[in-house]
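Residue numbers (my numbering), protein chains in the order written: chain A, 1 to 385; chain B, 1 to 264.
Since the hints were made in silico from the structure, they are not lab data.
Wrong hints could be hidden among the right ones.
Unchecked claim - Here are some chain A residues pointing at chain B (derived, C-beta under 7 Å):
#1 R45
#2 V116
#3 T121
Bear in mind that the values here come from a model prediction, so they are computed numbers and not experimental data.
Yeah, the Cβ is synthetic: ideal placement off N, Cα and C, and Gly gets one too.
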Amino acid sequence: MLEKAIKGSKVYYGWMLALLTLIGVGFGFYLWQFNSGLGITGLSRDVSWGFYIAQFTFLVGVAASAVMLVLPYYLHDYKAFGRITILGEFLAVSSVTMCLLFIIVDLGQPTRALNVLLYPTPRSVLFWDMIVLNGYLLLNLVIGWKVLEAERNNVHYPMWLKPLIYLSIPWAVSIHTVTAFLYCGLPGRGFWLTAILAPRFLSSAFAAGPALLILLCLFVRRISKFDPGWEQIQSLAKIVTYAIILNVFFFLCEIFVVFYSQLPEHMDHFKYLFVGLQGKGSLIPFMWTSMILMVLAIILLVPSQFRQNETVLTIACIAVFIGTWIDKGIGLISGGFVPNPLHYVNEYAPSFPELMITIGVYATGFFILSVLFKIAVTIKEELYA
Amino acid sequence: MKSSRRNFLKIAGITALGVGARPAIDTIAAVGGRGPTEPEPILKQNEKALTAKQWAMVVDTRKIKSEKDVAPLYEACHKIHNVPDMPIKRHEIKWIWPEQFHHAFPDLHSEFLSEKIHHTTFPVLCNHCENPPCVRVCPTKATFKRESDGVVVMDYHRCIGCRFCLAACPYGARSFNFFDPREHIKEINLKFARRTKGVVEKCNFCVERLAEGIEPACVEASKGILTFGDLYDPESEVRKLIAENFTIRRKIHLGTSPAVYYIV
């Protein structure tokens, strides 16, 4: 099936070449970081995780959202999704790949990464994260590939795949739960120390992931002869609607607990993010933009006549995606580290090389996504067009 | 032909997977004992070595009259441990350093504080917690609590630089080598390891000195401000000080049980 990815239009080649260029540039900057150290990033003693780990966290959510297609189709026999589950699974494959790459580029000693396997340490959440992420990657790759292959050959997928498909459903939930546990189990970090963190992660994931899928479906419909289907897109839109409402609700639950209890260790981080602390607040505009986008998205998604309009739906999905991206990809990590445990307010901003490496990783993910989507869409075109 | 090539690739793939998994399997298999022919390695301890169930420190802040009283202990530590002087502040490496009360004890801070406390700086360092969160989160056991004496130490050769321990430590006691530290060491002490870029480091309660029977460098340089001893020996100096004086510890509500006590 891989041959389908090699033959394409000039636009396709151009796109892939552009991605390869970005990958090359990003890799060049990574070599610089590899040789001189993480000092070329904006990270510090106080904000010791930054843009890389934030992107990793956000993308785990995008990856987990494949379950929003797999679950209705395989558990509830919602046939319409059968047409597009492959897109969800392949989106998961590329997202998890990016997650793993973001962890690698964040390591101080990447050549020792396999020490995690050489000295397995089950008491560390990172050990479990490594297992669930790699497992999820493998599950989606095998399931996606095999189901697509069977569909192409007009046969039923092999029966041994069924248990793996069922396994992938709780596994999807596990990747984002375990990722939340990385943060919410740390005693000294009030911003993350809340049981709602994992549910918040999941709700924002199930909003952001399907929102991106809708945008991808609309895009596929425009550029290919394969139509993912309006019913499918509308069902996804309902999922996005409920998920983004839940996400805002969970956030407000957290806000109530933190500010009604008035516990300084928990309040200070929110203050830093939304109004500034000790005169510092570089993230204030981002955080309010994120909030406004999420509320706007709810307004645009709840009335069905809005949601059924393709233009409005597109705007709403972009709002959901950017809003949740700022929330997780910018605010979540910095917010947890500022103020620091000794109550100093030392801010963080990514450096230029750090941004270029980030773009390089995203380009790698999009390259993989493009290859996989190209295969899937070409095969679907043969079948349905 | 096609099918046999596919089978070959399958077998090759499975074999590669098996070879890759070997070290992990070996490690798991090795837990709980070595082979019947391998003799148990014997580590001989220096006869003079200082031992304890849990090393602890008492900081008598009443004896700190000015910054001059404490400056030598920071210097002594950083000098013998090859702690670099990084040019950029956010890359700073610190093993033991001064903090004002409201930074050392942010949860005990109040607007109205005794003039003396307000002007004293408190030496802060790794607390060698009895229940250390940094050890709990480390994915490679590169940081671990020594069963023999409770010191939380680092294996600089195993650390992958994930910085999970920096996120977990509620005392900001850990530093990460953002750049190669070796260019920024003023005077190299060849008796102690230097670090590479990309690994975490912190105070080690001078385990290398304890092994030779000498007290930690900061304690030696502190002229009685710092006292070092076994927390579980009722006759030890630290226990006597804790019994006779009211002491506080940093952020005890987090359940980490720090082993550094402060008399204020």
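To see whether the hints hold, each was checked on the structure:
1. R45: Result: holds, 6 Å to nearest chain B Cβ.
2. V116: It holds, given that the least Cβ distance between V116 (chain A) and chain B is near 5 Å, below 7 Å.
3. T121: 5 Å, holds
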